[in-house]
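Participant: In case you want the letters, here they are:
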Amino acid sequence: MILARVVGTVVATRKDPRLEGKKLLVLKPVSPDGKEESGYVVAVDTVGAGYRELVLAVSGSSARMAEGCKDRPVDTAIVGIVDNVGLD
Amino acid sequence: MYLGRVVGRVWSTVKNQNLTGQRLLVVQPVTPELKDTGRRIICTDATGAGAGELIYWTRAREASFAYLPEEVVTDATITGIVDELHIKRAAAGETKC
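Going down the list, the sequences are from chains A and B.
Just so you know, we're using this note's numbering here: the first sequence kicks off at 1 and counts up by one.
Just so you know, we're using this note's numbering here: the second sequence kicks off at 1 and counts up by one.
Please note: incorrect hints may appear among the correct ones.
Stated by the list, open to error - 35 Å max Cα-Cα, derived DSBU-like pairs, lysine-lysine: (1) A:Lys-35 with B:Lys-35; (2) A:Lys-15 with B:Lys-35; (3) B:Lys-15 with A:Lys-35; (4) B:Lys-15 with A:Lys-23; (5) A:Lys-23 with A:Lys-35; (6) A:Lys-28 with B:Lys-35; (7) A:Lys-22 with B:Lys-15; (8) A:Lys-22 with A:Lys-35.
What the hints assert, rightly or not - Only part of the chain B face toward chain A is listed, based on derived beta-carbon distances under 10 Å: (9) Val-10; (10) Thr-13; (11) Lys-15; (12) Gln-28; (13) Arg-40; (14) Thr-44; (15) Arg-59; (16) Glu-62; (17) Ser-64; (18) Thr-74; (19) Asp-75; (20) Arg-89; (21) Gly-93.
To be verified - The following residues of chain B were derived to be distant from chain A, with all beta-carbon distances above 10 Å: (22) Leu-3; (23) Gln-17; (24) Lys-35; (25) Thr-47; (26) Gly-52; (27) Leu-54; (28) Pro-69; (29) Asp-83; (30) Glu-84; (31) His-86.
Keep in mind the hints are simulated off the structure, nothing from the lab.
A virtual CB, placed ideally from N, CA and C, is assigned to each residue, including glycine.
Just chain B, with the same shape it has in the complex:
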C-alpha cells in the first residue's frame, strides 16, 4: 500500500460494466514527508475520500479485493483515509535502526 493525496476527479459515462457506479479519483503518490513522488494515477474509491485528503491506496489485483464479493475491474483502489502519520527519526548522534 502507498500514501497519496487526492488531487482530482475523472468523469466517465461509457464504462466497462464491472466499473459501474465507481467513483474515480486522481491520486498523486506522496512520500512519508508528504512530497509528491511519481506519476499521478486514477483510483477507484472504497472509502469516500474527498478532494485534498491524504489517503493510502492499494495497487494491482489486490485493489479489487476491497469490493469482494463484487468483481470490480480496478488496479488501484483508495482503501483508507489517513488520520495521523507518525514517523520516527533518529535523533542527532543516535544510530539509525
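Same shape as in the complex, but just chain A:
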C-alpha cells in the first residue's frame, strides 16, 4: 500500500457499467515523511475520502478485494483515511 494525498476528482459520464456510482479521485503519492513523489493515479474511493486528505491506496489486483470493488475493473482503491503516521 502507499500513502497518497487526494488532489482532485474525476467526472466520467460514459464508463464501464460496473464503475457506475463509484467516486473517482486523483491521488498524488507521498512518502511516509510527507514528501510528494512523482506521478499521479486515479483511484476508486471506498471510504468517503475528501479533498487534501491523506489516504491509503491499494493497487494492482488486490484493489478488487476491497469491499465494493469485487469483480469491477479497478486497479487502485482508496481503503483508508490516515489519522497519523509515526516514524521511528
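Could you slot chain B onto chain A? The hints should help.
Facilitator: Structure of chain B alone, referenced to chain A:
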C-alpha cells in the same frame, strides 16, 4: 518476497471493512547487505513484527493470501520475521557461481 525493515506505523480509523483490525506498518525495503533501497511502503502485518525488526514481505495479490480464508484488501504483507541471514560470497580469486 523482499527484505525490509519496520520503520514506523500508520494509524487509520476510517478503513475499508476488509481492512478492519489490521496493523499497518511502514516498511523500508533493504538489500541483503541491509542498505536502504527504494520507496517506503505500507504493509499489513501477519506476523506481529515490531519497530526496527528485519522482516520479509510479500507483494501484490499474494499478499492477501496470508490471511485466507479471510479476504483482506492488501497489496503488501509482512509474512516473516528474519532471524538470521546468510549470504555466500565468492572468496578472493574464486569464480562467482
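Participant: Hints numbered earlier in the text: which of these fail when held up against the supplied structure?
Facilitator: 2, 20, 21, 23, 26
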